[in-house]
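Dock chain B against chain A, hints included.
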Amino acid sequence: MFDLRWLIGGLFTVYGVLLTVVGMFDPPGQVAKAQGVRINLWVGLGMLVLGLLFLLWRLLSPDQPERPAGVPEQATSRDEEPVAAYRD
Amino acid sequence: MRELAESSLRLHLGAVDDVIVLLYFVTVLGVGLVARRAVRTSNDFFLSGRALPAWVTGLAFVSANLGAIEMLGMAANGAQYGAMTLHYYWVGAIPAMVFLGLVMMPFYYGSQVRSVPEYLRRRFNDQAHLFNAITFAVAQLLIAGINLFALALVVHDLLGWPLWTAILVAAAVVLAYITLGGLSSAIYNEVLQFFVILAGLLPVTIVGLVRVGGINGLAEKVRQSSLGDAGLHTWSGTASSGNPLAANWFGIIFGLGFVLSFGYWTTNFAEVQRALSARNMSAARRTPLIAAYPKLLIPVLTVIPGLVALVTIHGLGAKTGDLQYNNAIPLLMRDLLPNGVLGIAVTGLLAAFMAGMAANISGFNTVFTYDIWQAYLAKNRPDGYYLSVGRVATVLGVAIGIGTAFLAAGYNNIMNYLQALFSLFNAPLFAAFIIALFWKRMTAWAGFWGLLSGTAAALTVYGLYLAKVLHFGSDLGESFWGAGIGFVVVGVVAALVTAVTRPKSDEELSGLVWGVGRTRISAGVLAGDRAWYRNPWLLGGVAMTLAIVLYVPFW
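Protein chains in written order, with numbering that gives the first Met the number 0: chain A, 0 to 87; chain B, 0 to 554.
So here's chain A without its partners, still in its complex pose (with noise of 0.2 Å):
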């Protein structure tokens, strides 16, 4: 299955790029109606920046860890501790 950062990502970016344009040229009725906040434009920063991080995210990490722990007893040792009755 591929990673779900680029769906995000991308559909993010291009709902950003394109509420940060229509923002820029709002006619004043638009922000008027919006009590005078320009809200296309925060918005579609916001959700550039949101999509930009997820490609980002991907971009440097591009696999979640698929590595199995090494040892089981280490790997039982913090988990186990809370909740006894489920021992190994």
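Among chain A residues calculated to face chain B with C-beta under 8 Å, some are: (1) Phe1; (2) Ile7; (3) Leu10; (4) Phe11; (5) Leu17; (6) Leu18; (7) Val21; (8) Asp25; (9) Gln34; (10) Val36; (11) Ile38; (12) Asn39; (13) Met46.
From the derived model, a few chain A residues whose C-beta atoms are all more than 10 Å from chain B: (14) Leu44; (15) Leu51; (16) Leu54; (17) Leu55; (18) Leu58; (19) Leu59; (20) Pro61.
Keep in mind that the hints were calculated from the coordinates and are not lab data. For clarity, every value in this text was computed on a predicted model and none was experimentally measured. All residues carry an ideal CB built from backbone N, CA and C; glycine is no exception.
Just chain B now, with coordinates in the frame of chain A:
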């Protein structure tokens, strides 16, 4: 039948909004097509091959709950009950989610069951299993239909589409991506939906707050509204039931916080399935814990818009027509959002409806295939056979959902009744689970008779309430009592039946009951799972602390 003339809720979408909505639908279908390539076995189709990381299953877990009925409903509650709506999140969800992750998930995931009914089959017997599988499957189909109808109503009001077009288009999209890609496709889309829903709600909240003069302005206006000062408090008026929610602290903590919420979050397979698809025990346990954090903060995006709608929309709270509480968010979208973010908000709303329906359908097809078809009707077939059954079940499930949607269109109140009805199945189920987990002596037949009688008791209470024989003050009061009585009946019947029937041996119960046999808590653990910040007890503890601390400003 509902008035179908053009509604004053009608939004005026521009070209940019259309592009945004269209882009979303294309993406969702694209995910289904790509996911199809990863589906080779029935395990891939129904449980995503148990390969997903915790952040994905965690966000899908919260998204499966964040359907549009929930979102619009919580904003409606915000307008109607004020800050007390926060109880649905902080008391009514977080403790149960944390309990699921810390205590119950080792049994669900560790016993390798593929569904919640399958756990009942191994812990109890075929009868308890079949009872739960059938009630769950039927409930999911009808709820999917309710989701579909609610979606159609909103699309009709907002975009002016005919009801039947909206029902068929939405059903076709959900059908396409689930039949193609199965649970992977549902989960990927749910995570995407999670972000889109937030992006859609955020502008409504921000612009809404600016409109009323920020948080202080909102508080001031709420004090002058019909809710009054009580609309800003959560606990201070709960010594009696003389508060907006008409519930005292005992009802809130035990009714909402324990019986109703634990029933929903810990035994509802549409939720638990997301955790079962995680790649190992650590990720499965963290699924509901990771989901708890967004759940803590979502009320910012539902309760605040609800309150803003209350103080800015004159006449909100009408029994019928456009000014019902349920329309709080659509009304704010109409009044406050410019083209652009309006498209995002509409997309978020559509995404939320599809998230809800997809969760129902993917829960249904799994239980139908594994727990009904494979368990009783066609055993020992090759895996590919069950994969096909799953796809057929998806098509049939969506078709029945469409039928339910049209039924709901004819009888408007049926939606409310059905939802209340199905919530009554949860509390007895949770009672049976919790006793079964901690009391190994509880017998198989005690499980079956307990479930049956508890469900019957809860239904009877509901029936008597509808017939106006019993009075509880409010629908919420009825759910507290109905669920509570169902819960107690399960306990009593289970104890009585256990006394006269034979318990299962320790071997049969290994990994299914607390302290019996082994549950490999560290099964398949990955190197990164041991990082301190991924410790389930830490994640759960912080979530619980926040759920208490966040109450402070709204005492």
